[in-house]
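Chain residues, written in single-letter form:
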Amino acid sequence: MCASQPIARELTDAAVASIRLAAHIHGWLLLLPAAVLLVVFTHYPAVATIIDSFFSTPKGSRSAVFIGLDNYQAMLDDPVFWRALGNNIVYAASVIPLTIALALAMAVWVNGKIAGRPLLRLSFFTPTVLPMIAVANIWLFFYSPGYGLLDQVLGLFGIATHNWLGNEHTALACLIAVAVWKDAGFFMIFYLAALQQMSPRLAEAAALEGASRWYFFRRVTFPLLMPTTLFVLINAIINSFRLVDHIVVMTQGGPDNSTALLLFYIYEVGFKFWDTAYAPTLTVALLTLLAILALGQFLILDRRIHYQ
Amino acid sequence: MNSAAAMNPLRSTGRASAAIETAGAWLLAIVWILPLAYALWAAIHPSAYSAHFILNAPLTLENFVTAWNAAPFARYFLNTFLLVTMILAAQLILCTLAAYAFARFAFAGREIAFILVLLQLMIMPDVLIVENYRTMSALGIVDTIPAIGLPYMASAFGIFLLRQTFKSVPRELDEAARVEGAGPLQVLLKVYVPLAKPIYIAYGLVSVSYHWNNFLWPLIITNSVSTRPLTVGLQIFASSDQGIDWSVITAATLMTSAPLLIAFLLFQRQFVQSFMRAGIR
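Going line by line, the protein sequences match chains A and B. Residues in the first sequence are numbered consecutively from 506, following our numbering. Residues in the second sequence are numbered consecutively from 110, following our numbering.
Since the hints were made in silico from the structure, they are not lab data. Treat each hint with caution, since some may be false.
What the hints assert, rightly or not - Which stretches of chain B does chain A cover? Using the computed rule of at least three CB atoms under 8 Å from a CB of chain A, they are:
| id | region |
| --- | --- |
| 1 | 175-187 |
| 2 | 203-215 |
| 3 | 232-241 |
| 4 | 305-319 |
Glycine included, each C-beta is placed from N, C-alpha and C at the ideal position.
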């Protein structure tokens with residue numbers, strides 16, 4: 506493939522051809538096992554989702570028939586779909602900036618000279634290792650009306666008990682808090698890695714110039730961390746559409762669908778109502794959304810390569 | 110730098126703001142650990158004290174015993190262990206072979222194949238639950254442990270990560286081994302795999318914690334004690350309407366997270382470094 510020049514000149518055309526052929530065969534043989542699984546469990550289901558969304562749900566003896574865009578029409582007329590989409594947008598738009606801001610603050614603190622840094626890092630990172638399902642159970646207890654810790658703490662200030670997860674206006678905010686708590690420490694470590702690669706001379710020079718820490722952060726640290734922020738942003742976006750474990754445990758999408766996110770609604774339609782045509786239609790909607798976000802990510806990453 | 114700080118007339122305000130920052134950092138850390146500390150409190154005290162914080166509350170392990178006996182947690186632990194091991198072993202083999210192909214063989218269609226692999230980063234198995242369930246029932250393997258693992262075994266993330274690593278291996282090492290008569294697989298095992306060891310450890314830790322914690326797909330595809338992983342078992346235990354008290358549920362919750370949590374506390378540095386390595390690409 507890449508033999509040094511004198512040897513390459515001595516090779517006959519036939520030998521070169523046989524090396525090239527071997528590269529084709531070896532390459533494909535090595536790739537084959539992974540390719541088979543990818544085709545069966547990623548590419549095929551992605552295509553099948555789209556095909557199934559054009560068919561009806563088989564009922565009893567009637568098998569699925571082609572119904573064109575009827576499922577999509579039903580989706581556009583479905584208030585629960587719009588509710589779930591809206592919830593998901595509110596959820597993502599709250600979780601992502603909060604998580605990133607906290608992760609950044611945590612990283613700056615853990616990277617600085619604050620007393621007890623190892624303990625801080627431990628406290629921030631520990632929620633990351635726990636299963637979301639365990640986290641959700643712990644927070645369910647935390648939020649429980651009357652004797653949960655939240656109500657007890659608020660009780661000290663004379664605030665009446667409240668059914669946090671049972672109220673349409675507070676339930677989604679409660680789930681947002683859980684997601685932020687779980688992920689901020691995870692993203693902290695990426696910022697920490699980037700901060701540790703920054704030259705300490707920058708801070709020294711800024712201190713000599715008499716720049717305040719906040720000014721230094723705003724004008725030097727934050728711009729230098731931009732590539733990390735983009736990486737974290739992409740992962741945070743994906744997580745906010747991919748992870749619904751806490752909803753299954755804490756609210757089941759209720760009360761009155763106020764905490765239904767898209768993937769949770771797909772799960773409900775597909776595996777509680779067993780609607781095998783409408784669930785793929787909703788999946789197409791989610792995949793389209795992810796594709797648009799991926800396109801944005803591609804454009805951003807493209808720019809990132811240019812300025813590095 | 111010290112002399113610069115000493116000359117700075119603003120150093121006392123600097124000190125005050127540093128104190129405020131320290132206080133803020135500690136406040137956040139306390140808020141962050143509070144839910145977990147609260148769960149631990151409830152788990153190791155009798156249920157009468159689960160929301161009643163006094164220093165001389167009696168300690169007990171009774172909640173853990175009750176939880177352990179109330180559901181087949183031993184079996185769930187075994188299932189999770191089998192699942193995580195099976196997925197990791199398959200991922201290491203499949204991703205190594207595929208990454209080697211992408212890194213070192215100029216085969217026809219390599220670029221297109223690589224894009225098709227990366228597509229999985231966007232179209233994740235977590236989202237394709239409806240169609241993958243159909244495939245599993247067509248294959249007749251619903252409610253088996255391999256069915257939980259199959260969609261995740263060919264991991265685009267693993268292939269990408271290892272391809273980057275293999276590409277950074279100097280060609281000279283590869284060629285030296287070939288001159289000595291080693292075939293493609295021997296070169297892979299003797300040159301590439303040993304050099305990528307830190308990446309394997311990083312990927313392994315990330316994979317194990319991901320699949321130990323995974324919930325939605327296992328919930329859908331399993332429906333018996335002999336296949337359910339811990340997360341699904343915990344959820345079924347916690348949501349049964351038999352009036353199990355909170356102390357027992359929190360004990361079960363901590364029990365199911367304990368192996369990962371203890372491993373993390375013991376190998377903190379490796380965990381953090383591994384997550385960092387696997388993330389920065």
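Hint numbers not upheld by this structure, sorted from lowest to highest: Hints 1 and 4 contradicted; others consistent.
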